[in-house]
Every structure is written in structure tokens, then in C-alpha cells.
Amino acid sequence: MPVVALITEDFWDQGQFVANSLGMPELPRVMLPHPVAGLGEAKIKVIADDVIEGILDSFVNE
Amino acid sequence: MSDLLEAENEEQALEQLHELGCTDGLPVVIPTPERVKQCVLASGMDGDMLLGELGPAMGNATVEKVATAAVMAGCKADYMPLVVAAVKAAASPEFDLSELQATTHCTAPLIIVNGPARETCGPVASGYGALGPGHRANASIGRALRLCLINIGGGRPGISDMAIHGHPGKFTYCLAEAEEQSPFPPLHVSLGYDESDSVVTLLGCEAPHSVLYSDNADDPEDAEKLLYVLSVGLANLATNNAIFASGMALVCLGPKHASVLARSNFTRESIQQRLWELTQFPNAQHIRYAGEFGKAFKDDPDGTYNAFKSPQNILVMVAGGVGLYSMVMPNWGGAGHQNRAVSVKVESDFFCAIPGLSQRGEL
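The listed protein sequences derive, respectively, from chains U and Y. Residue numbers for the first sequence follow our numbering, beginning at 2 and rising by one. Residue numbers for the second sequence follow our numbering, beginning at 7 and rising by one.
Bound conformation, chain U alone:
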């Protein structure tokens, strides 16, 4: 199943660490700003607009 992980900036290194330890160092990931929790719908939509292209590109490139 195609997967793209959405990871916030502060957790980027952790994502790489876990991907490495699970033997999937090239797992497609897209970076989000940190934090995203509690931002409210309007700001989340702005972030979504910013990253949607990167997410779709990751699926296509996989």
C-alpha cells in the first residue's frame, strides 16, 4: 500500500531514526511545521494547501 508519512519539523530526525531501524530509510515523508495540534481549522487549511503538492508528488514518485 502506498504510504507518505506526514511528520512535523521537530520530529523529522525521529522519523528518520524509526525508518532506519525498521529497514525503510527511504520511506517517503513530507515535513509539516511544528506543532500542528490545536492550531484551529483556518491555519490547518493553510498548511494543507502548502503541503498537498508535495504529498501528491511523493505518491507519484513512488
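Simulated from the structure, these hints should not be mistaken for lab results. There's no promise every hint is true.
As the list claims (entries may be wrong) - Just the calculated beta-carbon pair ranges, DEER-fashion:
#, chain 1, residue 1, chain 2, residue 2, range
1, Y, G198, U, A38, 57 to 63 Å
2, Y, P33, U, V47, 46 to 52 Å
3, Y, P226, U, D14, 54 to 60 Å
4, U, D14, Y, D224, 57 to 63 Å
From a predicted model like this one, the values you see are computed outputs, not experimental measurements. Every residue, glycine too, gets a C-beta built ideally from N, C-alpha and C.
With chain U fixed as given, assemble chain Y onto it according to the hints.
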């Protein structure tokens, strides 16, 4: 075999270990091959024997690597059976170590020791200041597990351990139950083990929260008031247990508080039951204060929910000196097994006394 580092002297070796991120930030005993070999020998097991995998790095916790951590932590060889049992518990799939290491919540594995190994592999303190400094076995056994989580499990702050603040129990977190001061059966007996067994129970939990209750033998509601105060500490709205409505928690009764409850004919089981009842809250409170998590009960605003799935998810033990205080340790409640406690029997039959190193007599 583990990789061997080289240094001119112990001072340089210590700096090298700090630079490599192999320490907890404090000085360690340099794990020379001779020292590690002695701890492996003391374990009575083959150095290559695999005790389990430790996440999130999924490193192999061999007896030799665990012995290396034990040396670094300052353990006596006598402590090895307890360190080995703690590592086995941490490696158990039910413990969800990878998630526990990675979470933003402040959680650290607390080692609870029951049975004869409290003395034969210690002494592991259970009385005054058992969770504080001054007790070598408590300090170094808990630290040995932490060094395993760092160097085998790969838990490093800000990279793979994302605890927002952490807590001091991440340096060491270990105590024994004060079985002789407890009016209740030992914790491990209540968990199904024989009294003659030695058992390590591992619970990922927060730092201890103090619970003050000034008891009064003339008050017929003494026990109920104590249980209420304990329940406030155990699952107030600031805890994950109250918000996630999952996980486990530990109530560490001081011997005086334990006697208050025993005087009113409470058993460990009835204490668990009453605390479970007292940690039942209105859904409306959860909906109002739990943010995104509040959606869990939005369809039943007039109902109630329990912070713990069952009374058994509230562990009860006795430890500490005699006074007006108990401790509660809420936990995270996340991951696939909802942050469960895991108990492992201590295998001290293999233990090999090292002349000049072991304090143990007949084994």
C-alpha cells in the same frame, strides 16, 4: 561480541563515552572487558545469549551488552539477575518500549522488586527515601536499565526520545516493596506468583506525585477520605489516565496509610475497586477540558466514564518510611497495549558468585 573502544586512560575513556552519547550525562564506570566479563560470569549465562530486542533502534540486548550497562551504571555483580529481569520485561512486546521511548509524554520504566531477591540481589531499598539518593542497588539497577534503553534501544532526547520535559526517573527509577511493613500480600503474590518467587514488575509511569493525608483513627470515614485523596492524585484532569481513559497507574502506599486502609478491612483488591470507582468522572468534564480527546464522549454528554478500564489497572504496593505521605504514579496510556505493566520472574538460579565481588552467601 560488542565493539571495543580504545583510550589512553579511564579519564579519556569517559570523555569518549560522553562524546559518543553512550552515557546519561553523568560519569560512568568504564566498562573494561574484565569488568564486563565479571558481570557476565555472575549472570551465569552466555554473553551472547539474547534477552530481547529494545526499541526503537531494535538493538539486540545480549547478556554481554546488558552487563556492559550494569558496569557503567555502577552495579555490583550481585544485581545482575534484577537487571536481566528488568531488561526482559522492557523487551516484552506488551511493554511497547519503542512507543514508550518515543512519546512526548514524560514516562520512565519504574522497576518494582518483590521477593527474596530484594535482599539476595541487593539490598534494594523499600523504606525511607527508597526513590531518592543513597541506595546503591536502587540507583544503579534503575540506571543500568536506562543505559540499556539509551545504548541498545537507541533512546536519545530530541532524536528518538521525544519526551517534552522528561523526568528525573529517567536517570534511575527502582524500589522494592516493603513486604514486611505491608498488611497486604506482596504485590507479586497478588499478580499470581508464589511468595518464594522473586519478581520484577516494570511500569512505564510519570515521576512520583506526593499524596498528603493526615489520618485520624477516631474518624469512621478515615479510610474513605484517604482513598478519595489518593484518587484525586491518581487521575486528576491533568493526567493522561483521566484524558485518555486508558493505561495503568501505581499507588505506592506509605506503611501508615496502608495501615489506615487495613484497619478498615480493605484488601489490595478492594482498594483497587474503590479507587476505580472514585476515578469515574462526568463525560461533560471530559468534553469540556480534553480538547481533541474530548470527542471520545461527545455523543453521551450526560454519562460518565472511568479513567481506568478496570480496577486491576490500578497497581497498589507499599513502600516508604512511616509518615503522612503516599505516592501515586499515573502513566501514559498510549501504544498498542495501553502502557501495561509487565512482570518477569527473576532467574537467580544461574547466578554465579564471584569471589571477592559477591556479597551473596549460599546461592
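Evaluation of the provided hints:
Taking 57 to 63 Å as the suggested C-beta distance range, the pair G198/Y and A38/U does not conform, at roughly 40 Å. The supplied range of 46 to 52 Å is met by P33/Y and V47/U, whose beta-carbon atoms lie about 49 Å from each other. As the Cβ distance of P226/Y to D14/U is approximately 58 Å, the hint placing it in 54 to 60 Å holds. For the hinted restraint 57 to 63 Å between D14/U and D224/Y, the CB-CB distance of approximately 60 Å keeps it satisfied.
Hint 1 from the list above is the single one not met by this structure.
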